Structure formats: C-alpha cells, structure tokens
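If you read the sequences in order, they're chains F and Y. Heads up, the first sequence is in this note's numbering, so the first residue is 1 and it goes up one at a time. Heads up, the second sequence is in this note's numbering, so the first residue is 168 and it goes up one at a time.
Treat the hints as calculated values from the structure; they're not laboratory data. All of these numbers come straight from a predicted model, not from anything done at the bench. Ideal Cβ placement from N, Cα and C applies to all residues, glycine included. Among these hints, one or two may not hold up.
Calculated pairs, DSS-like style, for lysine-lysine (alpha carbon to alpha carbon, straight line, at most 30 Å) [said to hold, decoys possible]:
(1) F:Lys140 - Y:Lys247
(2) Y:Lys183 - Y:Lys263
(3) F:Lys146 - Y:Lys263
(4) F:Lys48 - F:Lys11
(5) Y:Lys247 - F:Lys107
Not close to chain Y: a few residues of chain F, all C-beta gaps over 12 Å, as computed [what the hints assert, rightly or not]:
(6) Thr24
(7) Asp68
(8) Met78
(9) Asp82
(10) Glu94
(11) Asp104
(12) Phe139
(13) Pro143
Listed below, chain by chain, are the residues.
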Amino acid sequence: MAKESVLAVSKDVQSKFTDAVLGTAEHAGDHILIVHRDYVHDVLKFLKEEHHFIYLADIVAADRFTEDDRFEVIYNLMSLRDQHRIFVKTRVPEDNPVVPTATDIWKGANWNEREAYDMFGITFQGHPDPRRIFMPEDFKYHPLRKEFPLIGVPGSLELPNTNPDAE
Amino acid sequence: MSMDNTLGGDGFLTTKLDALVNWGRSNALWPMPMGLACCAIEMMAFAGPKYDAARFGSEVMRFSPRQSDVMIVAGWCTYKMSHAIRRVWDQMPDPKWCIAMGACASTGGMHRCYGVVQGVDNFLPVDVYISGCPPRPESLLNALMQIQEKIRNEHTLKLDA
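Take these sequences, add in the hints, and give me the full structure.
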C-alpha cells in the first residue's frame with residue numbers, strides 16, 4: 001500500500017468534518033489541525049481508525065493568556081505505518097475549560113490528561129481517574145497557568161517537620 | 168619508629184579526652200550519600216581513586232543512615248523529596264553533620280521554581296555549603312576538611328551541672 005501523505009490526511013479530515021476544522025498550519029515540517037472542541041473526539045477517533053494514527057505520542061496543554069479561548073490542548077499523533085505526525089489542537093475558554101477525554105481512543109492518554117489537568121486545570125470529561133498526577137491532592141493551584149507566580153505560593157507546599165521529637 | 172619510642176618507652180600517653188574523641192570522629196566521617204542530581208557524579212569521583220576520600224577516612228559510603236555521620240545532599244531537592252531526606256536525616260545517629268553540595272542544594276540554584284526547595288537549610292541544619300554547579304571533587308574534599316576542623320574544635324563531653 002502506498003504511503004499516504006499527511007496533507008492528504010488533512011484534506012480528508014477537512015472534507016469529512018467541514019464545520020470542525022477551524023484552520024490548519026504548517027510549522028517546522030509538521031502539520032497542525034485546529035479543531036473545534038465539540039468535534040475533537042470524533043476527529044481523533046477518525047484519525048486513529050481511518051488513517052492509522054495508532055500512537056498518541058503526547059498530549060500537552062498551553063496557556064495562551066488571551067481573552068477568548070485561553071487554553072489550548074495539543075494532541076501529538078503519530079502514524080507508525082506511514083511514518084508521519086499530525087498535531088491536533090483544540091481551544092477552550094477560561095470559564096469552561098472542558099475537553100472530552102481521549103482515553104477511550106488511546107489508553108495512554110490517561111496520564112497525559114491528568115498532567116494537563118494538574119498543571120492547567122483543564123477538565124477532561126469522561127476521564128476514568130481525574131486526579132492530580134504531580135502535585136499533592138490538596139494543592140489549590142495549577143502551576144503552569146500564567147498567573148501562577150514562578151516561585152510558587154509560600155506555604156502552599158509542606159516542608160518536613162524539623163522537630164521530630166515534639167508532639 | 169617503634170611504638171615503644173612513640174609512647175616514650177613506658178607504654179602510655181596522656182591526652183585530653185576531647186582531643187582523643189575528636190581525633191577519632193574527625194578521621195572516620197562516614198558519608199550518607201544523598202545523590203539527587205548531577206552533583207552525585209562529582210560525589211562519586213570524590214569517593215573514587217583519583218580524589219580518594221579514603222585519605223580522610225571517608226571512603227565508606229553508607230547507604231544505611233544508621234551507620235552514617237555526614238549527609239552529603241548532592242543536587243536539587245523537591246518538596247516531595249524533602250520529606251524523604253528529612254526522614255533519613257532523623258534516622259542518622261548523633262553526632263551528625265550535613266554538607267549542602269552545590270548551588271541547588273544550598274539555595275535552589277537555577278531551579279527558581281515552585282516545586283524545588285530553595286535551599287536544603289529550610290529543613291536540615293547544614294554545616295558546610297559548597298558553591299559550584301556542580302562543584303569539583305576538590306571542593307567536596309575541602310568541605311569534608313572544614314567539617315573535620317569543626318569537629319576538632321568541639322567539646323565532646325558535657326559535664327552535668
């Protein structure tokens with residue numbers, strides 16, 4: 001079977017999901033699809049099932065610090081058969097940062113989504129285990145948000161007791 | 168020179184107990200290696216044959232805190248790790264000393280960030296700080312000698328009032 005180019009994949013997605021794709025971009029040899037949040041689950045499923053993107057390399061989030069659509073979730077997909085990548089981006093507003101989970105498509109999305117939730121406070125609807133992954137469970141902040149101070153909030157993380165004999 | 172001559176021919180010597188105990192302690196400082204990052208590589212060189220910490224009686228890296236005298240915190244320490252380090256420190260028997268090795272252990276260094284403790288002196292009583300990123304093994308030897316010097320000037324006996 002002939003190799004399929006990533007541009008052909010992009011065209012196919014755009015023809016199947018006419019309302020979903022808000023834009024495309026090329027950067028450093030990578031192809032990026034910007035997809036509306038309501039369709040992102042369908043697009044990801046389509047890419048896996050029809051275009052063999054069986055490997056979810058990464059999910060990252062970004063804080064664009066804009067008025068509208070502040071947060072961005074970026075899926076880094078790879079096709080091992082055709083040896084190319086495609087990036088799928090979706091943007092969510094600050095007051096309702098909810099994205100459907102991709103754990104039902106790739107099981108490996110589990111920890112990536114937990115990380116995005118921990119660092120940015122983006123909720124993944126339908127996630128089987130929506131806990132923080134790095135920070136303590138009672139931590140009140142999302143450290144990679146732009147408004148979070150670089151050095152952290154004093155006293156928000158516990159230091160060990162330095163007087164072990166005292167009750 | 169035979170032992171008889173050293174001891175003046177009579178088989179005994181007189182000294183202060185402080186001097187004797189401090190001599191023993193300062194020349195057998197067994198390190199607890201708390202290697203957290205790249206400083207640990209320099210710490211290994213410090214223990215190895217070229218820099219040879221054995222000259223100072225510190226060649227036995229003890230991985231049990233119960234057998235250690237000096238903790239070498241080598242590397243950056245996260246808030247999560249700080250609890251484990253303090254626990255190990257609390258398990259070390261007295262008397263004990265602590266070396267903060269490198270910029271990160273001393274001040275947080277380049278890791279000016281929410282997850283990294285800005286200096287292990289926030290939860291450990293540090294005796295000697297070493298600058299450098301990472302410090303050379305000579306610096307660690309120097310820190311060890313500083314601790315030896317500190318021990319030699321200590322009063323080890325406390326008289327009950």
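* Okay, which hints does this one fail, numbers in order? -> Result: hints 3, 12, 13 break, sorted rising.
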